[in-house]
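These are the residues of each chain, in order.
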Amino acid sequence: AEKIKIGITQNNVGVDSYQTTYEKAFIAAAAKNPDVETVVLDAGGDVARQIGQMQDLIQQKVDVIIIWPTDGKAVVPVVRKAHQAGIPVVVTNSNIAADGMDFIAAFSGPNNIQQGASAAELMCEALGNKGEIVQISGQPGYTTAIERQKGFEDQLAKSCPDVKILETQPGDWNREKAQRVMEAFLVKYNKIDGVYSGDDNMGVGALNAAKAANRAKDIKFVGATNFAVGYEAMERGEYYGSIYQSPVDDAEAALATAIAVKAGKQVPKLNYFETPKITKANMDKFTKPVF
Amino acid sequence: MSDIKNNSFVRWLSRNPIWGFVVIVFVFFSFAADHFFALQNVENILVQASTIGLIALGLTLVMINGNIDLSVGAILALAATVTVDMQGWETLAFLGDWVLLVAVLAGLLCGTLLGGLNGLIVWKTGVDSFIVTLGAMLGIRGLVFVYTREQSFYASSFAYSDFGSSSIGPLPTLAVLFIACAIVIHVLLSRTVHGRNTYAVGGNREAAVNAGIRVGPHMVVNFMIGGFFAALAGLALSTQMGASTPNMGREYELWTITAIVLGGTKLTGGSGSIVGTLGGVLAISILRNGMNLMQVPSFYVLVVLGVILIAVLALDKHLNRRTAQEPAL
Amino acid sequence: MDKAATDGWSVRQILAQQGILIAFVLAMLVFGLFSDRFLAFDNIMAVLRQTGIVGVMAIGVTIVVIGGNLDLSVGSMLSMATVLVVDLHDRIGPGPAILIMFCAVLAAGAINGVLVGYLRLNSLIVTLGMLSALQGITLIYTDGKNVDIANQSDTWFAIFGRGDIAGIPTPIVMFFGVAVLGHVLLTRMPFGRKVYATGGNPRTAVYSGIRRGRIVFLTYLISAFTVGCSALILGSRVMGSQNNVGQGYELLVLSAVILGGTSLLGGSGNILKTVIGVLILGFIQNGLLLLGFPYYAQWLVTWVVIILTVWLDVASKRHSLWSPIA
Amino acid sequence: MTGEITPVLSVKDVVKTFPAVRALDGVTLDIRRGEVHALLGENGAGKSTLMKILAGMFTPDSGSITLDGREVAPKSPLEAKALGIVLIHQELSLVEELTVAENVFLGALPRRSFGFVDWNALHRQTAEILRRLNCDFAPTSIVGDLSIARKQMVEIARALTVDAKVVIFDEPTASLTDQEKLVLFDIIADLKAAGVGIVYISHRMEEIFRISDRITVLRDGAYRGTLDTAATSEAEVTRLMIGRSLDYSRNTETVAAGAIVLETRGLSCGDLFQDVSFSVRAGEVVGFSGLIGAGRSELAETLFGLRRPTAGAILIDGAEVSVETPTNAIRHGISLVPESRKEQGLVLGMNCRDNITLPQIDALRRGPFLSPAAELDIYDSYQKRLSIRSPGWRQLVRNLSGGNQQKIVIGKWLAMKPRLLIVDEPTRGIDVGSKAEIHNLIRELARGGYAVIVISSEMPEILHVSDRIVTMYHGRVMREFTAAEANEDSLVQAISGLN
Ligand SMILES: Nc1ncnc2c1ncn2[C@@H]1O[C@H](COP(=O)(O)OP(=O)(O)OP(=O)(O)O)[C@@H](O)[C@H]1O
Ligand SMILES: Nc1ncnc2c1ncn2[C@@H]1O[C@H](COP(=O)(O)OP(=O)(O)OP(=O)(O)O)[C@@H](O)[C@H]1O
Ligand SMILES: [Mg+2]
Ligand SMILES: [Mg+2]
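Residue numbers (the working numbering), protein chains in the order written: chain R, 1 to 291; chain W, 292 to 620; chain Z, 621 to 946; chain X, 947 to 1445.
Just chain R, with the same shape it has in the complex:
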């Protein structure tokens, strides 16, 4: 078969282990397939640079482009440009805005709204449908952060309206920042029953703060994107639950989708992979995340 050349521009490799593991898995999976040649780029979290990279990929005339958008809206025109240049685009991990859906071949990734909702259900379950919680969200302005927060808040209001969110502050996907935010929450609120964090990295930061204030026992911690540290804390019983999301699945799904698209196969527009809830009760069914 003829070799196909796949270009990928990722959001921000190295900013967290998820993205790094994703990249590794992607390259490994591509290496296993002798018919695939890849161009791997990283936008470093900057939309403008990502647009530049898309232009460069179009310039190189790759066969398929995979994009992990730094921003779901801002990349639409350049995706359209690729579309007009006849290069199919697969969006991975976090989707682009509705207006861009016409120009992409497919989306492959987790459903962040659904993840937020699942986390809300975990929280209801942990608190017995009643209590006061705080939320530590991801970096403001980024799609994943916004979707998870929205999914969580909407579902919480639906599933257990008696659980009240006292306050939400961003932790910028940063454990130390989350720790600082939690320290302020602990000073401010005498009673906190639960903490929801946009990912486990921040969740563990919050846990650190609570432990230092000797209040960890009274608080249930729920996160998303299960990290190794979260997994371990769960083992120790300090962390209630999280959402299991494997970057390896994510990467392999994206690659498979891209190959299928290029091969002209019929592919559904939205390809979500499984992101199940994980708690102490079922954690033995999952391998410990490598990141």
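It should be emphasised that the hints constitute simulated quantities derived from the structure, not laboratory data.
Treat the hints with care, as some may be off.
[Claimed, not checked] In silico DSS-like cross-links for lysine-lysine, where the CA-CA straight-line distance does not exceed 30 Å: (1) R:177 x R:262; (2) R:130 x R:211; (3) R:211 x R:277; (4) W:557 x X:1097; (5) W:608 x X:1288; (6) R:150 x R:3; (7) R:24 x R:265; (8) R:130 x R:150; (9) X:1288 x Z:937; (10) R:188 x R:158; (11) R:288 x R:150; (12) W:415 x X:1127; (13) X:1330 x X:1138; (14) W:557 x X:1288; (15) Z:937 x W:557; (16) X:1111 x X:1127; (17) R:3 x R:262; (18) W:608 x X:1097; (19) X:1097 x Z:937; (20) W:415 x X:1288; (21) R:269 x R:158; (22) R:130 x R:164; (23) W:415 x Z:937.
Note that the structure is a prediction, hence the values are computed from the model and not measured.
Chain R is fixed; fit chains W, Z and X with the ligands onto it per the hints.
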């Protein structure tokens, strides 16, 4: 005859060593990276350079003036946000297509006014521009988030984003815009009274005051020009995206300042030129683009970029090395 | 006492120069008025603990800036150091890990120092280049993964971020300890005088027999050393590290330094005021969180507070509110 | 005739205080049309402060200024200029990066439409002015590349750009050579003939008596009186200024020839100077005389380790040494009082004490810590010896008057107790009293066994302090004189290359 030409070229180059570097990396990538040496790619580089380049034009004035503006990235985001958002305002719908013009003017006005505000604070309070604009960098970014409620805005018609990818003759519109603005600022700086006073104020503020230059308003004007170009860069970038995002332009201030300093402008003010700034901007853009095309792994890009920045500086120093007869300081 | 009297310097004049201190007290009072938790002992301790990370580095950067240079590389140097010490902790034990970490940051600082001090390259670009390069090196080292300390409960490494010395939280001890050391170094030792002279007028410094290159080199080593100390606090506090954990710290640190009245032109500045600068930033952030300001309103307020503080400081120095520039 | 002339500018009861300093204490002065009015006073007497008030740079605490019968209060240099008051600054006020023409017309560049600079007019007018001033550089030269003297001429050129009513020269000749001085005096004569009122500040009596019509003396910020130049004498003015008279005799001491401390053999540094051989003995003052550009400063810098010689040898105590850095030179017991106090001699943002102790800071320790007492001792003793006028050691050097700044630099290097002291234009801007004091100090040092090199463009100074005089021309040593055989004429011949 050719000897003289040669000589003046060498002298020009020794004043703008960054251009030597631009040529070197250009030649290097032409051989090292497929697809690099192509008209299409040169256009890409120019378009990619236009964002930082436009900011750099205004910021060069501010820096020659002996000030600095760290808030340009945030101003860029605010201007883009306002412009993109206004296109969709119901209240302006009666304007038809003219809404675009109104929105663009509004965005540029925002940038100019915020620049002016920075300048005014620097002038009236006497607080160092570094700290004033550092504060503004945070504050204006805050404004952006308050305005957008953390959402990205999306240009309602593709007409806006089509502008970003349109061409005038063989050249992309944005590149033409950038080059045209560069010429205007170059002329402003080298031929007008305002431009010459910019050097005077930056070179020796006290002397400028003593000579009766109204230093305060002068600086405010330059800050306004700086804000205007940051806003223009925001518009240029948002036409490429057809959207605005609250995080756009983050850390641009550092890279812009780097480009300007590489181009020979002193942080302490008083010297610098648009020609140099242009070289600095191109150097960084070519490096970025070339490394993309060569597929340098992203972790290594950072290292290479860092090392090259320092290397360029060392080269510059070497070229301009004083003779043994200068005092060894 | 009467020395001051014969010098013609009154207590009032000296007090009048403490605009930043006044701003700090004002800010504390305002927040204290609006939030009953703000001035609580626990909260103050928590903030002091947090500010230790920025604070220790700010001392080092103050010294670099007084010497007439900038150091923007502290952010990614902090990332590198934290990642290194955390990663090595589990492999070779805390002691050796700390040792190696300090070797690494001092090596990075030495490179800065050689380039800026001896080769006389522009410090902004050099340290920005280092910022980029060190970030890359950190990523290459960890292969982009987070690092964590596996056994967090019984390692003495915990003392730096979580423990206390004689009842005082260690970060606070380190912060104030380094500050006092820095202050003594700058004001009571020949080295400090040479740093001020080098920053104030490099040419005069050389004409006075000061080895300018060596002085600048040493300031970068000091700055790197303080980054190492901050990394201890950060790594121990979090018991893990992201690759970009120090991102943005360079500007935060620089803000604190400038807030403390140190001029970017070099030659002037004061460690004790930097300490106040650090505290102002830390307490503002905390106070706004406690008051429940939405995140981005916090930034707006920070903008205003920074400018008002520095304004008060410069106004008190020149005895007039408005700048004399026409 | 005196009583009836209406002054173009009069100053009445002006008071100005700075923190901890009362710089002007009720000064009254009037300047007539077409007169040269000299202003005299010790360093720090308040001369520059008064002039800066006239030029709108400071506002007085009280008092009034009347220009052409109208009370004025210029709040900025711009306003003062519009009123017709031009100040030629004591400390150069130039933008180094710009051209001569741009500096001459700074703040008033000729424009064409749309704010463009009218380069033709600018260069034409500047060339005109430079021609009048007999300057040998082009309007397009970059000011930063010029020597101090040329920069001073650029500063002076500004006086000719506007139709001024009053032109103030604040120590314009401090760094000028004799030829340039003559040109300046011609210009002043022209201005005077055109009816401009001129204020002339200088510490050089011979100039004052040569060109001024009246003399006003300030002391400690207070007005001491105005004299008609024709009706007074140096002695009287000096007494009014410093309260005692001075002795301006030639040096007639005999040399107590000690061992040779420093010797150079065929020393060269590129095209700056070539084949310089001379020696200095302990207990001896060797003067270096030459025109600007003769290479004396460069020679001094080479001896001090700031430049690398390209050929030749430096011997100290008969042994060849390589002085590679100033640190090294200091270790060999060499001190250099550099030519430019602001750029090379002082850290303006540091206080007086710290500036004086800077080169020996390593030695002023108790254990690892600085000893404030030792530092203060040094400051106090040189403050007294050089009568440095400062409200205290904490005062920033930036806030001192020009002459007092110069004294700080001298004190700084005297305090090193060097074996070889090199002073480059040591008394630039220093008042007559202190100048005598410094000359005495130099002599005294020599008597105490030090070797001293004095570089000076002031002939009387060189003749006054030197035991031996070396003349230089275009980077080469011309002739050596002993104190006894030298006189102004023979020196002038030698430094002009006429052997
Ligand atoms: N900005 C300032 N702040 C504080 N003190 C000042 C300032 N400017 C001048 N002074 C003080 O005012 C006094 C008068 O200074 P001024 O410069 O007028 O002296 P001067 O007569 O010009 O002396 P010189 O002959 O040395 O130039 C000095 O004691 C000086 O220290
Ligand atoms: N012909 C010239 N053209 C341009 N620049 C010159 C010329 N001659 C000398 N210079 C510059 O003028 C400056 C002053 O010269 P230099 O210091 O050698 O003189 P000097 O003998 O020390 O005299 P002085 O101490 O009286 O200024 C030097 O920096 C030199 O580069
Ligand atoms: Mg004076
Ligand atoms: Mg000289």
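Hints, one by one, checked against the model:
1. R:177 x R:262: 43 Å, violated
2. R:130 x R:211: It holds: about 23 Å lies between the C-alpha atoms, which stays within 30 Å.
3. R:211 x R:277: 24 Å, holds
4. W:557 x X:1097: 23 Å, holds
5. W:608 x X:1288: Status holds; Cα separation ~26 Å.
6. R:150 x R:3: Violated - the C-alpha atoms of residue 3 of chain R and residue 150 of chain R are around 42 Å apart, more than 30 Å.
7. R:24 x R:265: Distance ~26 Å between residue 24 of chain R and residue 265 of chain R Cα, so the pair holds.
8. R:130 x R:150: Distance of about 20 Å is within 30 Å: holds.
9. X:1288 x Z:937: The hint holds at about 23 Å.
10. R:188 x R:158: Cα-Cα ~27 Å, so holds.
11. R:288 x R:150: Roughly 27 Å between the alpha carbons, so the hint for residue 288 of chain R and residue 150 of chain R holds.
12. W:415 x X:1127: Cα-Cα ~42 Å, so violated.
13. X:1330 x X:1138: Roughly 41 Å between the alpha carbons, so the hint for residue 1330 of chain X and residue 1138 of chain X is violated.
14. W:557 x X:1288: Judged against 30 Å, a Cα distance of about 21 Å means the pair holds.
15. Z:937 x W:557: Given pair residue 937 of chain Z, residue 557 of chain W holds - Cα atoms ~28 Å apart, limit 30 Å.
16. X:1111 x X:1127: 22 Å, holds
17. R:3 x R:262: Distance of about 11 Å is within 30 Å: holds.
18. W:608 x X:1097: With a Cα-Cα distance of about 27 Å, the restraint between residue 608 of chain W and residue 1097 of chain X holds, given a limit of 30 Å.
19. X:1097 x Z:937: Distance of about 33 Å is beyond 30 Å: violated.
20. W:415 x X:1288: 29 Å, holds
21. R:269 x R:158: Within the cut-off at roughly 28 Å; holds.
22. R:130 x R:164: Holds, at roughly 8 Å.
23. W:415 x Z:937: 15 Å, holds
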